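So you can see what is in the structure, the chains are spelled out below.
Protein chains: 2
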Amino acid sequence: MALDTLALWHQAVKDRDMGVLDRLVADDAVFLSPAVHSPQPGKALVIKYLNAAQKVLINDSFHYVEEWHGDHSAVLEFALEIDGIKINGVDLIHWNEAGQITQFKVMMRPMKGLNTIIPLMAAHLV
Amino acid sequence: MALDTLALWHQAVKDRDMGVLDRLVADDAVFLSPAVHSPQPGKALVIKYLNAAQKVLINDSFHYVEEWHGDHSAVLEFALEIDGIKINGVDLIHWNEAGQITQFKVMMRPMKGLNTIIPLMAAHLV
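Chains as they are written, first to last, in our numbering: chain A, 1 to 126; chain B, 1 to 126.
Bound-form chain A, shown alone (with noise of 0.2 Å):
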């Protein structure tokens, strides 16, 4: 039976607990970064940066605003507050036929909100 891959995504997001990844991301994931353009390919690299996503984005003001649905895809739309800082974004995920994650890209706006994530993120990924 293929995971329900929002729903999981959905509870590890509001758990603040990224363990269900193991299972949740496809071997052959890429992770697409709002800083730069090469994919980050592979599993272990798709479940690091959606760690240090977790750790940077997820805080008290953190909430998804609006979703779209395609057919093994979605879009989420968040928004969250860093210091004052206002954080608008977008997940673009798609999954395969197993509800793996198979594309995880993330946009972000704006350019304010760029420059106050990126380095963050940066320091979870050294």
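Where hints are given, some of them may not hold.
It does not matter which identical chain is meant; a pair holds if it fits inside one copy or across any two.
In the DSS-like style, the derived pairs of lysine-lysine whose C-alpha atoms are separated by at most 25 Å in a straight line are [what the hints assert, rightly or not]: (1) 105 to 86; (2) 86 to 112; (3) 55 to 86.
Calculated directly from the structure, the hints in this document are not laboratory data.
For clarity, every value in this text was computed on a predicted model and none was experimentally measured.
Starting from the structure of chain A, add chain B where the hints point.
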């Protein structure tokens, strides 16, 4: 009868002719840019931003990649290149019962793409 918002938008992009915006954009519409947090309010400003975006983004490489549809909203993912710089973004569009656009939000990645686009957009907005 409500306007077919997305069909009219796609035709405008295809024709590189934003003339339809006068009937497609609601009086109380807002534009949310990738650059700054503050919404740009009102039909005239929204049309000004969309015209600038059309001039900067719609070149021969511009294409829509994927779409997600809501009830009165959609997310359109696009990709293009400018001077060899790859740019990937989303239009998040909301419309009213009449099919007129009430909110048009744009997010883009990666940073290098944003740093390419923002000064080009600014040059069309002064």
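Exercise. Can you give me the call for residue 86 and residue 112, within, between, both or neither, at a CA distance of at most 25 Å?
Key: both (8 Å within a copy, 21 Å between copies)
Quiz item: When no copy is named, should residue 105 and residue 86 be tagged within, between, both, or neither for a Cα gap of at most 25 Å?
Solution: both (20 Å within a copy, 15 Å between copies)
Practice problem: Tell me, please, which holds for residue 55 and residue 86 at an alpha-carbon limit of 25 Å: within, between, both or neither? | Solution: Result: close within a single copy only, 17 Å intra versus 28 Å inter.
When held up to the earlier numbered hints, the structure conflicts with none and fits them all.
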